[in-house]
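Working from the sequences, and respecting the hints, build out all of it.
Protein chains in written order, with UniProt numbering: chain A, 1 to 252; chain B, 1 to 252; chain C, 1 to 252; chain D, 1 to 252; chain E, 1 to 252; chain F, 1 to 252; chain G, 1 to 252; chain H, 1 to 252.
Each hint should be verified, as a subset may be incorrect.
[Unchecked claim] Below 27 Å or equal to it, Euclidean Cα-Cα: the simulated DSS-like pairs (lysine-lysine) are:
1) Lys7(H) / Lys7(E)
2) Lys7(D) / Lys7(A)
3) Lys7(G) / Lys7(B)
4) Lys7(C) / Lys7(F)
The set of hints was computed from the structure by calculation and includes no laboratory data.
Number of protein chains: 8
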Amino acid sequence: MNPDKLKEMLTDLRDGRLSVEQSIERLKHLPFEDIGIAMIDHHRSLRQGAAEVIFGEGKSVSQLINIVTRMQQRDSNILVTRLNSEKAEDLLALFPAGEYDTDGRTFTLLQSPIVPRGRGSIAIVAAGTSDLPVAREATVTARMLGHQVEEIVDVGVAGLHRLLARTESLQRAAVVIVVAGMEGALPSVVGGLVSAPVIAVPTSIGYGAAFNGIAALLGMLNSCASGLTVVNIDNGFGAAFAAHRINLQENS
Amino acid sequence: MNPDKLKEMLTDLRDGRLSVEQSIERLKHLPFEDIGIAMIDHHRSLRQGAAEVIFGEGKSVSQLINIVTRMQQRDSNILVTRLNSEKAEDLLALFPAGEYDTDGRTFTLLQSPIVPRGRGSIAIVAAGTSDLPVAREATVTARMLGHQVEEIVDVGVAGLHRLLARTESLQRAAVVIVVAGMEGALPSVVGGLVSAPVIAVPTSIGYGAAFNGIAALLGMLNSCASGLTVVNIDNGFGAAFAAHRINLQENS
Amino acid sequence: MNPDKLKEMLTDLRDGRLSVEQSIERLKHLPFEDIGIAMIDHHRSLRQGAAEVIFGEGKSVSQLINIVTRMQQRDSNILVTRLNSEKAEDLLALFPAGEYDTDGRTFTLLQSPIVPRGRGSIAIVAAGTSDLPVAREATVTARMLGHQVEEIVDVGVAGLHRLLARTESLQRAAVVIVVAGMEGALPSVVGGLVSAPVIAVPTSIGYGAAFNGIAALLGMLNSCASGLTVVNIDNGFGAAFAAHRINLQENS
Amino acid sequence: MNPDKLKEMLTDLRDGRLSVEQSIERLKHLPFEDIGIAMIDHHRSLRQGAAEVIFGEGKSVSQLINIVTRMQQRDSNILVTRLNSEKAEDLLALFPAGEYDTDGRTFTLLQSPIVPRGRGSIAIVAAGTSDLPVAREATVTARMLGHQVEEIVDVGVAGLHRLLARTESLQRAAVVIVVAGMEGALPSVVGGLVSAPVIAVPTSIGYGAAFNGIAALLGMLNSCASGLTVVNIDNGFGAAFAAHRINLQENS
Amino acid sequence: MNPDKLKEMLTDLRDGRLSVEQSIERLKHLPFEDIGIAMIDHHRSLRQGAAEVIFGEGKSVSQLINIVTRMQQRDSNILVTRLNSEKAEDLLALFPAGEYDTDGRTFTLLQSPIVPRGRGSIAIVAAGTSDLPVAREATVTARMLGHQVEEIVDVGVAGLHRLLARTESLQRAAVVIVVAGMEGALPSVVGGLVSAPVIAVPTSIGYGAAFNGIAALLGMLNSCASGLTVVNIDNGFGAAFAAHRINLQENS
Amino acid sequence: MNPDKLKEMLTDLRDGRLSVEQSIERLKHLPFEDIGIAMIDHHRSLRQGAAEVIFGEGKSVSQLINIVTRMQQRDSNILVTRLNSEKAEDLLALFPAGEYDTDGRTFTLLQSPIVPRGRGSIAIVAAGTSDLPVAREATVTARMLGHQVEEIVDVGVAGLHRLLARTESLQRAAVVIVVAGMEGALPSVVGGLVSAPVIAVPTSIGYGAAFNGIAALLGMLNSCASGLTVVNIDNGFGAAFAAHRINLQENS
Amino acid sequence: MNPDKLKEMLTDLRDGRLSVEQSIERLKHLPFEDIGIAMIDHHRSLRQGAAEVIFGEGKSVSQLINIVTRMQQRDSNILVTRLNSEKAEDLLALFPAGEYDTDGRTFTLLQSPIVPRGRGSIAIVAAGTSDLPVAREATVTARMLGHQVEEIVDVGVAGLHRLLARTESLQRAAVVIVVAGMEGALPSVVGGLVSAPVIAVPTSIGYGAAFNGIAALLGMLNSCASGLTVVNIDNGFGAAFAAHRINLQENS
Amino acid sequence: MNPDKLKEMLTDLRDGRLSVEQSIERLKHLPFEDIGIAMIDHHRSLRQGAAEVIFGEGKSVSQLINIVTRMQQRDSNILVTRLNSEKAEDLLALFPAGEYDTDGRTFTLLQSPIVPRGRGSIAIVAAGTSDLPVAREATVTARMLGHQVEEIVDVGVAGLHRLLARTESLQRAAVVIVVAGMEGALPSVVGGLVSAPVIAVPTSIGYGAAFNGIAALLGMLNSCASGLTVVNIDNGFGAAFAAHRINLQENS
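Structure follows, in structure tokens:
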């Protein structure tokens, strides 16, 4: 429609229905997307066929219901992250087709089948069972965005044999997400085992000088394994979205 | 050789020159790589045809000469990062075929042509001219690893039109590295303009409450653009290596 | 009255009812305002015709009722900030003419019409809907102080087109307040779009390495846009008051 | 010129020398400023008749000479900030018409008289003599941007009488910049004395737990005086530019 | 008793009931206070005639009752600090002669009149009403230790005239305790007004970048007024005890 | 003179040479000290007969010479702190009567005998020999201000017997200054040994997680010994000045 | 079983049922523990005859019941740490043979007598009664691991005589754990009294600038006593486990 | 001598040459060591037959020469740590029998053979070659204290196979010291491989968010391997001394 609108205006100019001055004036005041720069808002297209995402924390139940209802009318698949179980119950009552993942604290509502979009699978590794909620948020997100996921849990560096036993799974993945709290050492070890992109997610797991994830965050930023990248503390969603950007890539 | 050694041992067992017990004992004490797990050391293979990398900071000239000489004998392409100009002069005197990039503080020595390996090109964006050294380290690294690079400089968020004028270049890249100091806002804006993976590199540029890159680092970790990932402050090499992991990927 | 008191004393001296020594003694012990330096307490005059302000956080309902009652007797317009909804209900029961803004957590009680005092309008921009409470506190404060406000919400830097579509509104304002959490990048972009004074307000929105607003605060202090100024985290009131100081200014 | 270029293109379309499709294509690829959005780059116009600004720190003498020469050819007035005395000598040798302020570490080169632009004067207050360099950077900047400045030095809060003796000067100013290190308390006191906008500049003066200006910065952000705003540590230039934004304002 | 015990032992030695070797053995194993070094435990004597102090925070009601009961049997005057109102009610039910100060969160139980011990009075200054609880803890503590206290409240630096009107009171005091949150600037100003010792107490009052008292703490440590000393955040008790050490001093 | 000036003005009023209005006008514009509030500037009187103090760090030799010369003409005793040995040599060349303390980095110039002013002596305790410079700065300052000092060095808490052997000296002092780096534990132990005021000075001695004195500073602020007070890191001068305020006190 | 599996495979090779190539392939894919590297998982053996440990914090009651039940079936002795009293009641209802330590917040369930394993006893010292919970967690852990423990409580450095009276107990221990909050000075003093290994445990006890144990942690890391080691804040379990590693040691 | 002195005094009492009162008085004033508590100064005995240690950093050459000379006269073995090469040359010129370790920056002077004292050997592991200086300081220290050391270098976690190949060496040691910078992950992995005590030493190696060792320090404090202990950043000496305390232990 917008390119049409621009075309229409230029046609009007060509055909003498608009003066040059009027055209200039209109060009100045058109919203940017109206003059063909709508590709800036890539988000919509990116998520098409995948999911609309809502950050659930800090939103009231009624706000959430409003948003989900509106999205439902657009036939979108819907992902709500950081949703506690109380709010989830309210949503499930209204949207019985939805699903709530207790570990990942995610609510999902599918209205059309998820179209597979990844070039390979995403391995999501959690150092300990306490890191599972963050890993699960990544898992649900990645799946809603159309990717195949393999979860690998409880392979902390203090018991190397458990990790090494999973080497093959790790080396098979197109992207690896590593979720770890405490000292955050696991991504360094994984980074040495695979040549695929590794995204490290620090978690706020730990106590005392873990400082709610700062220790893990610093550990990951300073990894001796080359080419790791890091997302914010507990940001399972962000890691999955980064993996989505990577795994989505056609040759370009 | 190592697989040979293992094969030899197993043959000895098959042929009765070793007992089962002796074989078990030997398996236990062989270095890991000797029993075929050399794929753990993927680094070598990763870099093959690309470059060996030396972190130059804190190494003396004589240490550097030793290492470069040894690598030269292996016919490797060589990349020395974080090399100040004084040491560089000493290296250039001994290895006149080498090249020193003053901005990126990198020394490179090519002994065989770089084999192109990337699926697409890597865009490396620097917010200001002060961020150029870190961006250049990324550029040189990425090129040594076999990737095509497009550098985009001086497109800070306070002058949006300069950045928007480069939108097309950004959207063409397979991976985007964004280097910025001060408030580190550029990756957020770029992350909204492209759907490719975006790797953010905070720099120590700025003063006062920039805290040598902490402000930029925190800004990037907390980006409102989904799916950015971050590397350590001033870590141009790390960003390029992460882009290498991404751009290298075959369908897997 | 106070200048009168000073005048009276000096007249007494002139007329011989006081000795020089007695005058000196009195001068020493008069409160400062009694000798004509009452302009030090500019606060009162500043707010006259505007509003008396009470910081509601940490005050009990009974304390609040006492203060509001006393101010009501002085016929002041009253603004209570940082008031949670429970306390607000108690206040509204007693002062039914008051109004409570749920988003901004402000209670206002008008006893006389607000006198318009600004030279221009104040644009108050919020990066995301989560930043709205802080922006709204600024809005209510600015209006109570006699200024015209335009609120612009949900224009974060990861979706530039939404912001750019509002450029004209921004450029029309006499002062711009920009409220943002997470990486706090919005003020940098706005600072490049307008030539008016820009006041940046970091919010505690975000998680993990947002550190309750530190990331946004540092981002704003290190903005690459020249001439931004910053107030404390979540300090919507302070930003509005700073805008009031700016917008109030007659040529002086 | 640019609007001309746009006009020319649209005229070509009107007159049949360009098709509608060609026009759309050109519109997409013109630099933004070419299609009338040049107001985004307000910086140039802002500074016109005032000064071009170069951040001198970290730039080599030859880089500085290049930039100054280029600007000189545009007949701009030029301000170089953060310039140490060694580089200044080199610049003065080449540009003998320039002036170097040793305290403020600024180099200025006037090619046309500065046009006065402020509505009122700017008071620049330094708590101690050690804060003078930062205050002087603000002073020189403000003057280059066309404002009248009054400097008030050595009025720290531990000797209140010195400050109070300057009350009248402070109350006369249209904008007040307060520069202070150590505990950064001076802006709070000044903020209580004047009703004009107050911009606080923390300096890195102090030792031990002053943490290079963090103590002063935090003090200023937490001021009990309403409506102070703060800039980065040692950012005299930024404070002056913010004052410029304020003092420049016509009724709008 | 202990000195007696030592004396008895030495007498036994002198009189032949103990050998030299036995005496040495006993000396080695006697608790230190038994051999006359009881002055190490000056705390008891210091507080004699004054008060026994219990830190109430984190102690259960039953623990508190036990301790108070035991002290009551020793006829001590008793001070419980950091006691919330719920626990206070339980204590008051059992010890109806006690008194609870709601502001200072202190419980006191007098069993003998407090002996005045100070050389002069202690002025306790609170910047704002929010700082009152900490100031009041100091007041109650100082009075229990036998000192005369004058409280001065709500004299923040943004309204200097209120403070200056109290100059005389401040200059009369033998020791001044200044309690302030937010930017913690008040002690600097007071330190310039008096020549007596000034003890600064930062409070956790403030929000955002006040960081629960860190801003005030740093402000006070970096005061430009010479010879201020500082205690921990919210440590009204500690400030009063330090004032007690100072005010107690006989010429020595 | 100033009181005379005020008296003269009031006499002029009484005698009809000034009108009441003129008197009011003059009162407004007289510097504060002119109307009898000169006691605000207690610093001068405090130091009279003692010493003028100059902070030497960051001042050039020529600036120092200027200041010292001016003070010399007023016949003041002079103390320059934080003076490195190079500058000291220049000062000694010009002021051969001066003395430089290499450890404390202080320069002193006596022009009249120091008048003893303390009620008792000041004990200055240094945990290790590395803490000596800060302790010595305190010693020289205290002596210049007229106090008797006893230095006690190398009595760290890991070798308690050395400290305990000095118990008597400590208990004799009217004020105790304790200087310690690393973990800063010494003041806690000393605070348990004496009942006099204890001023703790953290030093920047230590490495790694000593963080240039932060560890010691935090240790001292959190001391389990009641009634310690703390000054800034390495602030030997400040500790001595605080001790001066305490030890100076007459009954008041 | 695993060594058997390896043996079986090698036997098959020897006997011609497997080719050399097949053997190599199998070796590559066997989990590590299957080829005799099970000694990596020393944890199990370490704890054998001692206790299985569960970190109770953040686990739900049903999760805890599951785990304890499974361990109970293996006849392990069980230790649950960081268990609040509510969950403890639920566990005690199901496992009435268990014991809950209210101070240490530990639940223990013995199924076989604890085998004594230490070479000497472990002294566990708590500076104050508030540090007791952490000390008690260490005590219970150490006892479950087979060590003899002596608890020494309330011997803070501000009352040295209480500590010195326990010197003999301290010097008798094979390992000393010192638990302290606030300034964390106690380990330094203890480290000077004993020659045995000293493990310091900072606690989160304290307020204000104690920063939840950071002050104590830094104090301990910077101890002037040689050869102290430190564990995480409040990590009584970790300290006991470290002591276990030390005390377990046979001559090796 | 001291016990003799005490004995003599008690004998004097027994024999009537001293009264009971005189004895008490003397007991009070004897230095502690004079009454048999000289064991407090265990340091001397600990190091006997081993080495006297001097912290070389911050000491001048002449100070060092004085100290070494004095120790030489006592026939001690001498260890100077943190000695740069310039000072080392001066020491070597005067004490040609000494040895300087360039890597570890230690100077040692043997005057008698080192008596072996350890129960087992100490493994000292360095993650990378950059960590070698700290590891070497530990090695030299441990050897001077009489222990056998095995150094294992360049076994970082990103190349696990190198570490795993050294498993046997690690499991043979009585104590393991692990030295690592960057993310500090190595001790976690080693802690899972051995059951002996593991002492982790963070180094200041790394850049950006390594924050001079803070990242490694936090990583180690938060290790998921049970029972690690940590020393200060770069504190090789401290780690060796802690290992000495552990390895020295006889059954006690």
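Outcome of the hint check:
1. Lys7(H) / Lys7(E): Holds - the C-alpha atoms of Lys7(E) and Lys7(H) are around 17 Å apart, at most 27 Å.
2. Lys7(D) / Lys7(A): holds (17 Å)
3. Lys7(G) / Lys7(B): Since the Cα atoms of Lys7(G) and Lys7(B) sit roughly 17 Å apart, the hinted pair holds (cutoff 27 Å).
4. Lys7(C) / Lys7(F): Measuring from Cα to Cα gives roughly 17 Å; hence the hint holds.
Checked against the numbered hints listed earlier, the structure breaks none of them; every hint is satisfied.
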